[in-house]
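Residue numbers (our numbering): 1 to 408.
Any given hint might turn out to be false.
Stated by the list, open to error - Derived EDC-like pairs (lysine to aspartate or glutamate); straight-line CA-CA distance at most 20 Å: (1) K139 <-> D152; (2) K139 <-> D150; (3) K362 <-> E344; (4) K329 <-> E344; (5) K96 <-> E63; (6) K362 <-> D152; (7) K329 <-> E319; (8) K96 <-> E72; (9) K90 <-> E249; (10) K362 <-> E57; (11) K339 <-> E384; (12) K234 <-> D152.
Unchecked claim - What follows is a set of in silico ranges between Cβ atoms, one per label pair, in the way DEER data are often shown: (13) Q385 <-> A247: 57 to 65 Å; (14) P108 <-> P292: 21 to 29 Å; (15) V276 <-> P240: 46 to 54 Å; (16) T263 <-> R176: 21 to 29 Å; (17) L100 <-> R73: 19 to 27 Å; (18) Q385 <-> R343: 14 to 22 Å.
Honestly, the hints are just simulated from the structure, not real lab data. None of the values given here were measured: they were computed from a predicted structure. Glycine is no exception: its CB is placed at the ideal position from the N, C-alpha and C atoms.
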Amino acid sequence: MIQGTIRHGLLGGSLAATISLAAVLLVMNGSDKAQSDTAPAAAQATPVSVALVEQRELTSWAEFSGRLEAIERVDVRSRVAGVVEAVHFKQGNLVKQGDLLISIDQAPYLAEFERAQAQVLAAEARVALAANEHERGQKLMTTQNVSQRDLDARLNALREAQANHRAAQAALQTARLNLDYTQIRAPISGRIGRLEVTVGNLVAAGAGASLMTTLVSVDPIYASFNADENTVLKALGSLPVSDGPRALERIPVQMGTATQDGTPITGRLQFVDNSVDVGSGTVRVRAIFDNPDGTLMPGQFVRLRMGQARTEPALVINERAIGTDQNKKFVFVVGEDLKASWREVTLGSANEGLRIVTAGLKPGERIVVNGLQRIRPGAAVAPEQVPMAEKSELRRVAGVGPTEIAQR
1 MIQGTIRHGL
11 LGGSLAATIS
21 LAAVLLVMNG
31 SDKAQSDTAP
41 AAAQATPVSV
51 ALVEQRELTS
61 WAEFSGRLEA
71 IERVDVRSRV
81 AGVVEAVHFK
91 QGNLVKQGDL
101 LISIDQAPYL
111 AEFERAQAQV
121 LAAEARVALA
131 ANEHERGQKL
141 MTTQNVSQRD
151 LDARLNALRE
161 AQANHRAAQA
171 ALQTARLNLD
181 YTQIRAPISG
191 RIGRLEVTVG
201 NLVAAGAGAS
211 LMTTLVSVDP
221 IYASFNADEN
231 TVLKALGSLP
241 VSDGPRALER
251 IPVQMGTATQ
261 DGTPITGRLQ
271 FVDNSVDVGS
281 GTVRVRAIFD
291 NPDGTLMPGQ
301 FVRLRMGQAR
311 TEPALVINER
321 AIGTDQNKKF
331 VFVVGEDLKA
341 SWREVTLGSA
351 NEGLRIVTAG
361 LKPGERIVVN
371 GLQRIRPGAA
381 VAPEQVPMAE
391 KSELRRVAGV
401 GPTEIAQR
């Protein structure tokens, strides 16, 4: 009886211990499960780069497409008839004003020049003889050995000889010019075109003569484009009245080409047309750019942007902060609750590597500038603030590579 009681007590104690152990294990398992459930919640705070929306004094730019134009263009033709004797330029090269381009056979013009020289010498001799005769007549007149009529005849002979001398000199000058015209030289500095007449061909003279080649100036060079009337009126309205005729040069103009490294070329506004095209609502505008190495060529397509003479305040953000949702542009704004909220924005032009925002943001707001591909509206974020334009810092924090924007 006592033994059965002891066994029953032992079994009861063992069962109680087992139940207690199971309860402890159950509590521990529940605690571990709770901890594992909260771990993903903590991991959902996505690290992103954020920057403050900045307000800066900027030049407002408007972008256009245009073409380069030569300031001067020359059709090279011969001014004397003759056979092409030599060509002294390489087609397509840059030449300087006065460089020898083409030689025409000089032989007939050299002979004419020498004949004109001889005629001048003969005329000078006749002038000297007539002058001596007139001087002798004046001396004889004092002794009454010559009549007044004879003296007048001698004076007339002198004047006629002098006139013939001047005519001979003019003929010599014409012969000298024709001889010089056999050496066709560059009338302007620029880039020479294709040779149209080769050595050995006979060319005529004058305006109806065959085209030999063309020459266009390259430095400086014009860039012409059509600007909308609102942009032109705004630019002209920003000019100070006191600047006078050179006021247009205060309107900034920049140009870029497809072959450049992205650095714009700065020029100056040179001409704004006096009327608006009623069909297109645009105004013809022309700027002038330095081109010392001749790399810019007339007819070349260029991108241009025209600014205002005065700066104005504008909000700017980094291009990497901008996402696209169908036809809308948006950014993620990080609030005090450290959550990303979707915000539609209206964009202006690019400026100094940043993009102007005309609506949707306020100065000082925090926006995500890198890491957009890893967040969605309402997502918790772990922001790290960086400068708005510091691209190297953005790469370090959120990685390099194209940004895939999460759809709204």
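Structure-based check of all given hints:
1. With a C-alpha separation of about 13 Å, the suggested pairing of K139 with D152 holds against the 20 Å cut-off.
2. Taken as a hint, the K139 and D150 pair is honoured in the structure, with Cα atoms around 12 Å apart against an allowance of 20 Å.
3. A distance of roughly 12 Å separates the Cα atoms of K362 and E344; the hinted pair therefore holds under the 20 Å criterion.
4. Of the pairs offered as hints, the one joining K329 and E344 holds, with about 6 Å between alpha carbons and a cut-off of 20 Å not exceeded.
5. Distance check on the hinted pair: K96 and E63 sit about 35 Å apart at the alpha-carbon level, beyond 20 Å; violated.
6. Distance restraint check for K362 and D152: the Cα-Cα separation of roughly 103 Å exceeds the 20 Å cut-off, and the hinted pair is therefore not satisfied.
7. Distance restraint check for K329 and E319: the Cα-Cα separation of roughly 11 Å lies within the 20 Å cut-off, and the hinted pair is therefore satisfied.
8. Pair hint K96 plus E72 holds up; C-alpha atoms about 14 Å apart against a cutoff of 20 Å.
9. Of the pairs offered as hints, the one joining K90 and E249 is violated, with about 37 Å between alpha carbons and a cut-off of 20 Å exceeded.
10. Distance hint between K362 and E57 is fulfilled; the C-alpha atoms sit about 15 Å from each other, no more than 20 Å.
11. For the hint pairing K339 with E384, the CA-to-CA distance comes to about 13 Å; that is within 20 Å, so the pair holds.
12. Distance restraint check for K234 and D152: the Cα-Cα separation of roughly 80 Å exceeds the 20 Å cut-off, and the hinted pair is therefore not satisfied.
13. Remark: the range hint 57 to 65 Å for Q385 to A247 is contradicted by a beta-carbon distance near 43 Å.
14. Checked against the given bound of 21 to 29 Å, the beta carbons of P108 and P292, roughly 42 Å apart, lie outside it.
15. Distance hint check: the CB atoms of V276 and P240 are about 23 Å apart, inconsistent with the given range 46 to 54 Å.
16. Separated by about 51 Å at the C-beta atoms, T263 and R176 break the suggested range of 21 to 29 Å.
17. Checked against the hint of 19 to 27 Å, the C-beta distance between L100 and R73 comes to roughly 20 Å, which is consistent with it.
18. The beta-carbon spacing between Q385 and R343, approximately 18 Å, falls within the hinted interval of 14 to 22 Å.
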